[in-house]
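2 protein chains.
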Amino acid sequence: MYYIGIDVGGTTVKAGVVSETGHIIYKAANPTVIGDEVSFINGIADLIEVILKGANLQISDIQRIGVGCPGGVDAEEGVVVCAGNLGLKNFPLRTKLEKAISAPILVNNDANCAALGEYHALRDRDISSFVMVTLGTGVGGGIIINKKLYTGYAGLAGEFGGMIISQEEKGNWEHFASASALVSAAEKAAYENHKSVLFSLIQQNGGKANGEIIFQALRCNDKVTETVFRDYIRYLGDGIISILYSLRPQVIAIGGGLSQAEELLEPLKKHVAENSNWLKRKKHTQICKAVLGNDAGIVGAALLKDYT
Amino acid sequence: MYYIGIDVGGTTVKAGVVSETGHIIYKAANPTVIGDEVSFINGIADLIEVILKGANLQISDIQRIGVGCPGGVDAEEGVVVCAGNLGLKNFPLRTKLEKAISAPILVNNDANCAALGEYHALRDRDISSFVMVTLGTGVGGGIIINKKLYTGYAGLAGEFGGMIISQEEKGNWEHFASASALVSAAEKAAYENHKSVLFSLIQQNGGKANGEIIFQALRCNDKVTETVFRDYIRYLGDGIISILYSLRPQVIAIGGGLSQAEELLEPLKKHVAENSNWLKRKKHTQICKAVLGNDAGIVGAALLKDYT
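Taken in sequence, the protein lines are chains F and R. The first sequence begins at 1 in the numbering used here and counts up by one. The second sequence begins at 1001 in the numbering used here and counts up by one.
A couple of the hints might just be wrong.
Here are the simulated BS3-like pairs of lysine-lysine, each with C-alpha atoms no more than 27 Å apart in a straight line [as the list claims (entries may be wrong)]:
no., chain 1, residue 1, chain 2, residue 2
1, R, Lys1148, F, Lys283
2, F, Lys148, R, Lys1305
3, F, Lys283, R, Lys1089
4, F, Lys148, R, Lys1089
These are computed hints drawn from the structure, not numbers from a lab.
The shape of chain F in the complex, shown without the other chains (with noise of 0.2 Å):
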């Protein structure tokens, strides 16, 4: 039996033929249609059919269908109460794409989806407490506790960009240490720093940072730099440390893009423990690096029943 899963995005819409072991055996892409529901659902039935087509499958070859979701979603009745940048309010997802494609359909969130996946890449190591924390855009997450997906009330939990960590104005956590926030840090740092080695970077990437010129700019033993990210990994490492005292997960996952630098994780390790009770009992949360990439979303919501 084979499951599928589905990624929606605000500007792509992800799919894949998965596994019953969590294996992607063939996926796609398409722009997300927005402002039109028909058309969107019409675009998810046409990915369906294009992945179907991929795997050498037909549609009764599928158990299940998860589909992730940004914003707000009521998992139980399978409506995207509201999600801005997909112009969808209180929109029955569920029923509509049942009406267009014969197989049971489960709705969630698309951080707890990708959270799921993370935590499905872990199976083998029997954990039963897990957080993954995203960093994009903004700072999303999603957390498993007694090996089930925790979603909330309302299905809001896991939105620990929301968190606050300062008392400047505007003192949540994603303000601070979502990847937009360090690319922002950084082209400050830098129109304020013209002899900086950020700046002739910026400069050569047409005025704009992004995660790669700022790990460049590091590797270089760049001043500017170098302050612009340790401010970012006390940011981020303080958000963790929240985490950490609040939920005391077994395992926490960092994702997104930036996670998989080498240069991220170990000063975080170090931020946490030298500002936490992190290491000071014999058994302690593992802070890791996401595992999946761009697939994490398409895994959790493929397995979605599976765990809620």
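Once you've looked at the hints, dock chain R against the given chain F.
Below, chain R alone, put in the same frame as chain F:
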């Protein structure tokens, strides 16, 4: 059948005989014996005899005994891993107590027991997720998820006081939001403003502030106290916002002496509403006062088995 709940504190051990529905039949307290493990266990055993006699029961009437202890507790092993203020380290409390008392013993963290007690008090409302935050010398807490106590890896979840809410040094929540933090801030402000009502009230009380004095000064519209309290509500609210975004429980209950004052809950809710998406969704977390006061720990300890 009856249960016994024991709440071990740094200065007092409280114990009660509890009915199946969670009502305290009879309770008593003794000073905590610190420094000698044998006397510590004997002190608890003596107290159990006292409450059995008071309730006119035999030990054979007791189905089980639950003990809540401060610090790190390994509930599975029944071991107090580390409770500094009791002078205990890796202390096999369950085994020792089972030798003195012929009843099954369960051990957990005291804040977790208090949270369970408060959760049980809401049992008629079919609540699935619940967080208790207790304002005392520090800020403690407990988490109920899917109607069960969630203790995290190695039993350390719910230590909300360790969350970071400020980029100042020692920027953790309890440094700003504990009852002790409010009292210290009030004393500092009073000594800087000798003409304030707060200063007079503190002087009358031998130079020390307390919650009662602070609320009395607020009722006199003392500007100095109003400023201190406004800051306190902001700090307290910021941590509640972090809990809201990360866990989104159905109910957050605030416990500890301060929480019972009329002046606390409404401004707290106002701050949370103005600085989060709390009320922006149809289904929103309820923020309320804890109701059991000092009995919460006894009730929760007695009912541990039902919720673990």
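Results for each hint:
1. At most 27 Å may separate the alpha-carbon atoms for a hinted pair to count; Lys1148 of chain R and Lys283 of chain F meet this at roughly 22 Å.
2. Pair hint Lys148 of chain F plus Lys1305 of chain R holds up; C-alpha atoms about 21 Å apart against a cutoff of 27 Å.
3. Our distance criterion of 27 Å between C-alpha atoms is met by Lys283 of chain F and Lys1089 of chain R, whose separation comes to about 15 Å.
4. For the hint pairing Lys148 of chain F with Lys1089 of chain R, the CA-to-CA distance comes to about 33 Å; that exceeds 27 Å, so the pair is violated.
In this structure, only the earlier hint numbered 4 is contradicted, and the remaining ones agree with it.
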